[in-house]
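**Q** Knowing the structure of chain A, use the given hints to seat chain B on it.
Protein chains: 2
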Amino acid sequence: MAKLYIVGIGSGKREDLTIRALECIDASKVIVGYTHYIKLIEDLLTGKEVYQTPMKSEVERCRAAIKYVREGLDTAIVSSGDPGLYGMAGLILELDSSIDIEVVPGISAAFLAAASLGAPLMHDFCTISLSDLLTPWEVIEKRLESAALGDFVIALYNPKSHSRVTNMERAIEIISKYRSPKTPVGIVKNARRDGEVKTITTLENINYDDIDMLTTVIIGNSNTFIKDGYIITPRGYNI
Amino acid sequence: MAKLYIVGIGSGKREDLTIRALECIDASKVIVGYTHYIKLIEDLLTGKEVYQTPMKSEVERCRAAIKYVREGLDTAIVSSGDPGLYGMAGLILELDSSIDIEVVPGISAAFLAAASLGAPLMHDFCTISLSDLLTPWEVIEKRLESAALGDFVIALYNPKSHSRVTNMERAIEIISKYRSPKTPVGIVKNARRDGEVKTITTLENINYDDIDMLTTVIIGNSNTFIKDGYIITPRGYNI
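Chains A and B supply the protein sequences, listed in that same order. If you read the first sequence in full-length UniProt numbering, its first letter stands for residue 1, the second for the next number, and so on. If you read the second sequence in full-length UniProt numbering, its first letter stands for residue 1, the second for the next number, and so on.
You may find that some hints are simply not true.
No copy labels: a pair is met if it fits in one copy or bridges any two.
When the alpha-carbon atoms are kept at most 27 Å apart in a straight line, the in silico DSSO-like pairs for lysine-lysine are as follows [unchecked claim]: (1) 29 - 189; (2) 67 - 227; (3) 198 - 227; (4) 142 - 189; (5) 3 - 189; (6) 3 - 227; (7) 29 - 182.
Hint data in this document are derived by calculation from the structure and do not stem from the laboratory.
Next up, chain A with everything else stripped away, as it sits in the complex (with noise of 0.2 Å):
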C-alpha cells in the first residue's frame, strides 16, 4: 500500500530541511503542496508529478493527495515550518486516519525567526495565529489575554494579510495593558530565507508597515532585554 509523507519543510531552503525530510521528498511519486511552498524546493522534483494549489484551497489539497495515495502512489504534502503547527497534518487525519501515514517534523517559524534573532523563547513560550478566518476573533483575543497575563514570550503567526490590516495592532494593544513598552519585540520576514529582514524594535515603537504575511512576530516577556544587536531572554542561570 502506498503511503502519504506529511513533510515540514522548515524555511524551505535547503540547510532547513532534515534528512528525513529529503529521502520522503526523495521516496514519493507525487509531490502536493501551495505554489509559494513547492517553489522553493522545485529543485528537488525533477521527474515528480506535482500537485499545486494556491492559498485557501487547503482541503482540495488534501483530499487530491489521499487520492495519490488510495491510487497506489507514494506521495508528499509538504507545509513550510512544522506540518502539526498551523500545517497539514490534522486536516489529513481529520480527513483520512485509515490510510498510512508519516508526519515528518519541521522547524516551524517560531524558530527560524528565533534563531536570527539571538535567543528570545528561551523560556515558556506560546504561538498564537492572528487569521481569523477559521477562528473567531473573541477565541484569539482571549488567546492573547491569557499568554500576555501568563508572561509567556509571544510568537505571533500569520499576523496581516490584505484582508486583516488591523488585527496585529489590536494584538499588541491587548499584550500592552500587561507588558512594559519597552518589552523588546523581533519582526523576521522570510526568516532563513533570501531576503529576509529583521528589525528589532520595542512594544512602543513597532512600525507595522514592517510586517506582513510571511512575517513572524516575538514579543519578549518581563525579563527579556536586547544586547548587541541580539534578542535575549533568560532561562534564570545564576552568572
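**A** Below, chain B without anything else, positioned relative to chain A:
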C-alpha cells in the same frame, strides 16, 4: 576569527538533524555538550575534540565553548531539540555576545512528540517547563493557569525528575480545573529515538509512572479528539 555554532540536534537521530546542523558539526574542531546528547551523535564526532559534562553544568559548558572559540577553534555546542528553547543559545549570548555565533535551529521536543501522536498541536499552543530549578514554582503555576484559561494546547517539558516527583501531578490538577477530564493527553518518552514509548490517554486517566525526565506530555485544547490511535486538534476547516 573562529565561530561558535549553537546547534539543535532534534531527537539526535540522524534523520531529525537538518542539513545545516550536520554542516556545522562537520565544520567544527570541538564539540561541546551534555554527555547524554553527545552519545546520540557520537558517530559524527570522529577526530574531533569532545568536551562533555553531566547535567546541571550548563554554565561551565558554555564557558568552555566560548573559551575554545577565543582560542581560535571553530566549535559547536549541541542541545537536543532547539537550542533557543530551554537550550544553550540564551546562556551563550548572556555570557559573551561579542564572538561570532550562529544559532542553528532544531526540532523541539513538542514537535517530535506531536509527530508521533498524529496532530495534537495544530492550533495555538504553548510550552511550559515543570522544572523549578531555575524558575520559581509560583511562576510555573501562574503559566499553567493562564495557558489552561486561554485554551492553549499545552506541551509540558521536564515533567519529572528524581528530585521533582509531584510537579506533574500538581500541573494536571491545575489544568483540570479548566478542562474536561476527557481531554486527550499524549505522553511520549524518547520521542523519535530508539525505544520510543507513546501513550494516548485522557486527563483523568494519566498514569504518572509513564512519565520521566525524557518524556514530553501534550494536553489537548477543548476541541482536541482521539481517532484511530491519533490525537487531532482541528484547525477549524469546514469539511
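**Q** If a hint holds in the structure, say so; if it doesn't, say that too.
**A** Hints versus structure:
In this assembly of identical chains, residue 29 and residue 189 lie within 27 Å of each other by CA distance neither inside one copy nor across copies; the values are 32 Å within and 33 Å between. Taking identical chains as interchangeable, the C-alpha atoms of residue 67 and residue 227 lie at most 27 Å apart only when they sit on different chains, with a minimum of 20 Å there against 52 Å within one chain. In the homo-oligomer, the alpha carbons of residue 198 and residue 227 lie at most 27 Å apart inside one protomer (15 Å), although the nearest pairing across protomers, at 41 Å, exceeds that limit. Only within a single protomer do residue 142 and residue 189 lie at most 27 Å apart by alpha-carbon distance; the minimum there is 26 Å, versus 32 Å between protomers.
Taking the closest pair of Cα atoms, residue 3 and residue 189 come within 27 Å of each other only across two copies (25 Å); inside a single copy the shortest separation is 34 Å, beyond that limit. Taking the shortest alpha-carbon separations for residue 3 and residue 227, only the inter-copy value of 19 Å comes in at or below 27 Å, while the best intra-copy value is 48 Å. In this assembly of identical chains, the alpha carbons of residue 29 and residue 182 never lie at most 27 Å apart, being 51 Å within a copy and 40 Å across copies at closest.
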